[in-house]
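Trainee: The primary structure of each chain is shown beneath.
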Amino acid sequence: MSKKSKDDNLDDFYVEQILLMDEQELAEDFRASGLDRKEELNKFNRAAEGASLSFRKQKLRAARAEVDRVNQKSSITTDVISRIKDSGEDIRGKLAQLFASGQIPAEITMAFRDGHEITDAEIEGILEDLIELGVVKDDKQEDSK
Amino acid sequence: MSKDYSYLSVEEFHEGFSALDELQKSKLIKVGHYYRGKYQLDIETEDLIQEVLTRVYEGKRHIPRELKLAQGLASVIKSVANDFVTAKSFQRRKLEEEFKDVEESLHIDLHNSNSIEQVLIEEQAELLAEQRLRWLKTAFSEDPDVSELINAIVSGCKAKEIVKNVFEGNQTKYDTTRKRLMRRIAKVQMEGVTNE
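Residue numbers (the working numbering), protein chains in the order written: chain A, 29 to 173; chain Y, 5 to 200.
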């Protein structure tokens with residue numbers, strides 16, 4: 029057996045002993061090695077914050093982008109529904125029209141057919157889905173093109 | 005044959021690491037101090053820890069799923085500390101080379117310069133390991149139980165085998181002996197701390 033592997037065995041033993049220690053044993057080991065545990069923990073936490081900063085910033089950027097994307101989508105959907113309502117057009121009628129023209133995907137058609145007592149809120153929900161699917165266009169955006 | 009490992013993603017690591025309590029963190033601090041002392045690194049333990057975590061967050065080091073997080077991190081601490089030693093040796097040797105005159109440098113087979121460097125680094129590591137073991141045995145030369153424990157550890161025996169074969173099944177004797185050894189290592193660490 030080489031000296032290096034003997035050394036590795038010593039390392040393994042030490043690390044295993046440390047990892048198995050309970051609170052009391054570890055506190056005693058800190059005292060015996062002259063280390064201030066509280067100060068060492070502060071240094072450790074600062075090191076961890078420094079090391080994870082880039083990762084945390086990246087996560088935050090991704091979360092913000094997702095919130096922006098959802099807000100933007102929600103805002104477009106709300107605008108389109110408001111414009112339909114403002115134009116005096118009946119949303120239920122608009123949906124029936126789309127249904128009759130065969131533009132609605134099968135799964136939504138089924139829900140619409142079964143929905144004898146579909147509420148206005150549910151109708152708006154279906155319309156929102158159709159806006160997101162691109163079946164109902166944002167006329168304002170279309171006009172600006 | 006190499007074993008196939010599955011590793012934690014950076015996201016999973018971050019989640020696990022953020023959940024570590026003070027006890028676990030304290031253990032990693034001790035492991036950091038141990039390897040810093042062992043390899044005589046000229047950086048602070050928190051710098052070593054930061055380097056370890058940076059490498060994991062950057063996806064350059066990985067934690068196997070089957071290990072507990074602290075155990076996996078302890079292995080990375082050892083490996084990064086060892087990297088520092090290798091880098092330090094490399095830099096020192098580069099510096100020394102600049103002082104060699106041309107005639108002397110001609111005696112070096114340039115095509116094999118990497119392997120020469122590697123051999124020197126390994127020789128240095130072996131020498132340090134040998135010194136460390138010798139020191140440890142000398143420190144406990146008058147304590148036959150710890151001496152036998154050290155012999156069993158370096159031979160690769162695990163705790164159960166040591167209790168059975170070295171301490172004739174006496175768990176209490178094993179526990180008190182290993183604690184004496186750990187206290188001595190802690191004392192050496194304290195000498196290192198107070199000498200700084």
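Keep in mind the hints are simulated off the structure, nothing from the lab.
Careful: at least some of the hints might be erroneous.
Some chain A residues flagged as far from chain Y (calculated, every beta-carbon gap over 10 Å) [what the hints assert, rightly or not]:
id, residue
1, Leu47
2, Ala60
3, Glu68
4, Asn73
5, Arg74
6, Gly78
7, Ala93
8, Glu94
9, Val98
10, Ser103
11, Lys113
12, Thr147
13, Glu150
14, Gly162
Dumping the calculated DSS-like pairs for lysine-lysine here, alpha-carbon to alpha-carbon at most 30 Å [claimed, not checked]:
id, chain 1, residue 1, chain 2, residue 2
15, A, Lys85, A, Lys66
16, Y, Lys64, A, Lys85
17, A, Lys71, A, Lys85
18, Y, Lys168, A, Lys66
19, A, Lys85, Y, Lys191
20, A, Lys71, Y, Lys168
21, Y, Lys177, Y, Lys42
22, A, Lys85, Y, Lys141
23, Y, Lys191, A, Lys66
24, Y, Lys141, Y, Lys168
25, Y, Lys164, Y, Lys191
The structure presented is a predicted model; accordingly, all values stated were derived computationally and were not measured.
Cβ atoms here follow ideal geometry from the backbone N, Cα and C, with glycine treated the same way.
Trainee: Each hint: holds or not?
Mentor: Now for the hints, and whether the structure bears them out:
1. Leu47: violated (6 Å)
2. Ala60: Not fine: 4 Å to the nearest Cβ puts A/Ala60 too close to chain Y.
3. Glu68: Violated, because the least Cβ-Cβ distance between A/Glu68 and chain Y comes to about 5 Å, which does not exceed 10 Å.
4. Asn73: violated (8 Å)
5. Arg74: violated (7 Å)
6. Gly78: violated (5 Å)
7. Ala93: The claim holds: A/Ala93 sits with its nearest Cβ about 16 Å from chain Y, beyond 10 Å.
8. Glu94: holds (15 Å)
9. Val98: holds (21 Å)
10. Ser103: holds (30 Å)
11. Lys113: Holds, because the least Cβ-Cβ distance between A/Lys113 and chain Y comes to about 43 Å, which exceeds 10 Å.
12. Thr147: Holds: least Cβ distance 40 Å, greater than 10 Å.
13. Glu150: holds (37 Å)
14. Gly162: Fine: 32 Å to the nearest Cβ keeps A/Gly162 off the interface.
15. A/Lys85 <-> A/Lys66: holds (27 Å)
16. Y/Lys64 <-> A/Lys85: Holds: Y/Lys64 and A/Lys85 sit about 19 Å apart, inside 30 Å.
17. A/Lys71 <-> A/Lys85: Roughly 21 Å separates the two Cα atoms, so the pair holds.
18. Y/Lys168 <-> A/Lys66: Status violated; Cα separation ~39 Å.
19. A/Lys85 <-> Y/Lys191: The hint is violated at about 41 Å.
20. A/Lys71 <-> Y/Lys168: violated (41 Å)
21. Y/Lys177 <-> Y/Lys42: With a Cα-Cα distance of about 28 Å, the restraint between Y/Lys177 and Y/Lys42 holds, given a limit of 30 Å.
22. A/Lys85 <-> Y/Lys141: Between A/Lys85 and Y/Lys141 the Cα gap is close to 50 Å, so the pair fails against 30 Å, i.e. violated.
23. Y/Lys191 <-> A/Lys66: Holds, because 19 Å separates the two Cα atoms, which is no more than 30 Å.
24. Y/Lys141 <-> Y/Lys168: Within the cut-off at roughly 22 Å; holds.
25. Y/Lys164 <-> Y/Lys191: holds (26 Å)
Violated hints for the displayed structure, listed by number in ascending order: 1, 2, 3, 4, 5, 6, 18, 19, 20 and 22.
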